[in-house]
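What follows is the residue order along each chain.
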Amino acid sequence: MSVFLRNPVLFVLLLLIAAACARPPAATPTPDWSPDLAVALAEREAAFSAALEADPPVVRLWEEGLDANQRLAQQVALADRTFTDGTRDPATRRPLRHEVMSIRPALPADLTEKSADCTPATCYHVELYNYALNTTRAAIVNLPDRTVVEVRYLPGIQPDIPEYLVALAIRMAIQAPEVQQALGLEPSADMATMAAMKTALNNTRCERSQHLCIAPTFLQGTRALWVIVDLTEMRIVGTRWTELGQSSAPVILTERTLIDEEVYENYCEQYQAVSRDGWEFQVGLTPSDGLELRDVRWRDKTVIHSVKLVDWHVNYSEQDNFGYNDSTGCPIFGPAVVAAWGVPQIEPLPAGAGFALRQDFRQDLWPQACNYRYEQRLDFYRDGRIGVLAINHGRGCGNDGVYRPIIRLHLTTGSPATQQFQEWDGNAWRTWETEQWQLQAPATPYTREGYQYRLVDSSGNGFALTPGTGRYGNNRGGDNAWSYVTVHHPDRPEGHADLPSLGSCCSDDHRQGPELFQDPPEPLAGQELILWYVPYMKNDDTPGAQYCWAEGIVTDGLVQMLTYPCQASLLLTPLRR
Amino acid sequence: MNRICFPASLSVRLLWLLLCATVILAACGRADPAPATVPPPVRPIGIATRCQGLPRFLEPAGLSQQVAIDTTNELAGHVLLRDMQQQLLYAHPSWIPFGPMGSFTRDRDGNIYVAPIPFVDQDAQSIANQYRLFRIDSDSSEMTPFFEVLQPADATANPYGSIGLAYDCGTDSLYLSSLAGSTRRDELGVLYQLDPATGAIRSQLEGIDAVALIVFNGRDGTRLYYGSARTPNLFSVALDEAGRLTGEPRYEFSLAELSEGNVESALRLQISEANQMTLKAYRFDYSPIAAGQLTRNVYTLDYDASADSWTFLSLAPEQ
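Residue numbers (my numbering), protein chains in the order written: chain A, -4 to 572; chain B, 122 to 440.
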C-alpha cells in the first residue's frame, strides 16, 4: 500500500482499474448485426408474421430444399387437423408461433402400435415446434395413403433444429461482440477465418425463458467457448468458457447456469458498489434475506447501514391459517425458495428525479399456480428521499392470499447517542422510550406532509417516514402495516446476519416475527435502532380488478406475462435543520 | 549400472564377470509376480434389495401389508405411510417433529431409514435435522435420529446434508450420501457405507456430491450407482465383497445427452426385478424445493448385461 501512497499516479490508476472492474447493476447491450444478417433475421420475423395470418399458423420448411417425399409429408401433416390442433390458444383462438423443424423417414424408434405398419420407405416423421409453449409434436405420415397415422405430443422436448436455423445461430454467434472479445478476434478481419475454426454444436436448454436454444461452441486449444443462442427471440443469451478435459463425462451449459452463475459470482459472493445522483451504497444478494443494501450514503453521509427483506409471509384462508414463509435470495447454494432472477437492474425515475434499483425474484414455473414472483425495489431521489418498496407479481396458490413482506431497516441519523424514534399522535411528536410495535390503522394520524414516524437526533437531522396510504395508486387502502422498533444487536440472531425464517406465516396480529426480539422490551435511548416494516397486501383475481396477480396472454404468437402487481412502500424523507 | 568389472588376471576377470553378471541379473531381475488379486464373487445379475422386509409394526398399527412410504410432503410436513388397501394414512407421533423427509429405504428387518429434505420455512431445528439420518423402528414404529454427519459452521450457502439412501442385501449395508459443507466452488460431499444395526461407518468416499443412490449387481460385480448433484450425469462406484466403496467413480451416462433428455439430476433411483431402472430427475441447485415445484421427469432404462451399461428407453413427466 505504501507504494501507492508514494506514487499517486499508480494510486489513481489502481482506483480506475478497481472502478472498471466493478460490476454495478447491468444494462442489456443490443448487438449491431451485419446488413445481410439483419436482413436474414428480418425475413425470419416476416415469415412468422405471415404465418400468423395463415391457417394453420405454421412456418413451413422451405420447399426448395425438400425432396418430393418431404414436400408431400409436410403437406399431408399440415392438412391434418389433429396434428395442427393446438396451433391456436384454446381460450382466445389467437395463433401461436409454430414451425416445422424436421421432415425425415420414420425410424423404428419413432413407431408405436398405431404406426406398426410403417417402414422408412412408406412413412415420414414430421416435427412441429410450438414456440409459445415450448412443446413439440410429431406426426407419422403414411405417404402412399396420404394420411397421418399417428400424432405424438412431446411437452418440454426440444425438436431437431433445421440447418438454416443452425447456420443463423452460428452467424449470430460469430458477430456477437462478447464472442469476438472472448475469442480475441478483430470484428472484420478475422470473421473470414471463422469457418476454419473448429466449431461444434452442443445441446443446451433455456430453462428460464422456456425458449428454444442452441449452443454453437468454438474450440480453442483445450478450451471451448459456448455461445447460447435463443432461437425464439433470436438473441445471444450468454457465453462461457469450459475446459475440454480428459473426463468422458460431458459438460452441458444452459441459460439457467449462465444466469445463476453471473448472479452468484457478482452479487452473492461479493457486494457491488453503486454511485449515482449523490447516492452511494453497496448492493448484494443474501442467502435468504433478499437484496441487501449496505452503507447507504447521501452526499457522503451514511443514512442507512442496512436494508433488506427478510421474508414474505404468505397466508391462505385467514380462517385456516395455512401458508408459507417465502425466502428470497441467491439462486443456487442457498436456502432461498424464490430465487434471484438475473442481476439487479438500475433504471431512471421519471423526470430525472433519480433512479430505481430493482431486483426480480421468481420461481421457474411462475405464473403457474403455487409459483411466486416478488420484486424488491428502492427509489433514490436526487433530493435525498428513499422509497423502499416490496412488490408482489402473483400468482400464488389461490385468490385468498395475504402477503406480508418483512422489511428490515437499520437507519441512522449519524448520532445514535441522541437519536429518537417518534410517532405523530395527531398533535405532536411522541418519543418511543422502549421497544414496541404499532399497527397502521384507518384512524392513524399523519402530519400534513403525510409522516407517521420520524427518526431524529438532537440537531434535527434524520428521516421522516411515510407508509403507503393508498393515495398514489399503490396498495389499495394503504399498507395496514405493523411497525416495530428494536435495538440493534449484531451479535444476536436478530437479522444482522442472514435469517433463514422469521415468525409465523399466518398470524393475523402483531406476531409477525420481529416481536420476538422485543421480549423483554429494551430502552431505545442512545441505541442503534432497527425498524421492521410489515405491510399487508391481499390478492384479487376478479376480472378488471386483479391485484397481486398474473396471467399469460398471447401476443404476436408468443405468450407474454401480464402482471397486476401489488406494492407496499415506505418513503423516507430527510430532515435537516 | 556403474562399471565395476575392471580387474586384470583372467581367473579374477572370470570371477568378476560372474559376479558382475550375478549383480546385473539381480539388479535387472524381474520382481516376483504379484500375488493374484481375487476379484470379489460376482452375484447373479439383478437387484440388491430382494431381502428388504416389511415393518413388523404394520399389523399392530392396523395397517395392511400394502403400504407405501410417502415423502411427497404434500399432505403433511412429515413422512407418512399410505395403506393402499384400506385407503388410510398413518404417521406415528414421533415422525411429526422431524419435518419433511425425502429419500428412504428399508433393511432386511423392516426398519425404515429416512433422510430429511429442506423445504419452505426453515427454522433452526429443521436446519439441524438436515444433518441427520432417521430410523423408524420395525417393531415400535418410533422414529429416532440414527446417524449424524458433520454440520458445517455456515449452513447458509447450502441447506442440504443427508440426502440419498440405498440398501444392499448382499452385505447388509446401508448407503448414505451427504452434501453437507459443499459449496459452489468445493465439492465436499461424502458417500457412506453404514452398519444398519449400529450406524457405524464401514467405509466412505469423499469429494462426491451425490443425490440418488441404488445398489445393483451387474455383470462384473456389485456397484453403487448415484446421480451427481452438480451435473446431469449418472456415475457408479464398485463395492467389494464386504460392500466397501472402492476404486474410482465410473461415468455411466448423461441425462442431457439422452434422446429428449434434460439438464437435471437424478433424485430417485429404482430398479425392478426385470432390471429396468426408473430414474426420477429434477433440476437440482442446492436450494430448497417448495410446494408446487417438484414436477419430475421419469427416465426408464434397461440393463444391457453384454455391455454392463444402461440403454435408454423412454422419458415422460411424472404423473
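In case anyone wonders, no lab produced these hints; they're calculated from the structure. Fair warning: there could be bad hints in the mix.
If we take Cβ atoms under 7 Å as the criterion, some of the chain B residues that face chain A in the derived model are [said to hold, decoys possible]:
1. 171
2. 173
3. 274
4. 280
5. 307
6. 373
7. 379
8. 391
9. 393
10. 407
We put the beta carbon where it would ideally sit given N, CA and C, even for glycine.
So, going through the hints one by one against the coordinates:
no.	hint	in the structure
1	171	violated, 31 Å
2	173	violated, 31 Å
3	274	violated, 12 Å
4	280	holds, 4 Å
5	307	violated, 11 Å
6	373	violated, 9 Å
7	379	violated, 10 Å
8	391	violated, 22 Å
9	393	violated, 22 Å
10	407	holds, 4 Å
Hint compliance for this structure: hints 1, 2, 3, 5, 6, 7, 8, 9 are broken, all remaining hints hold.
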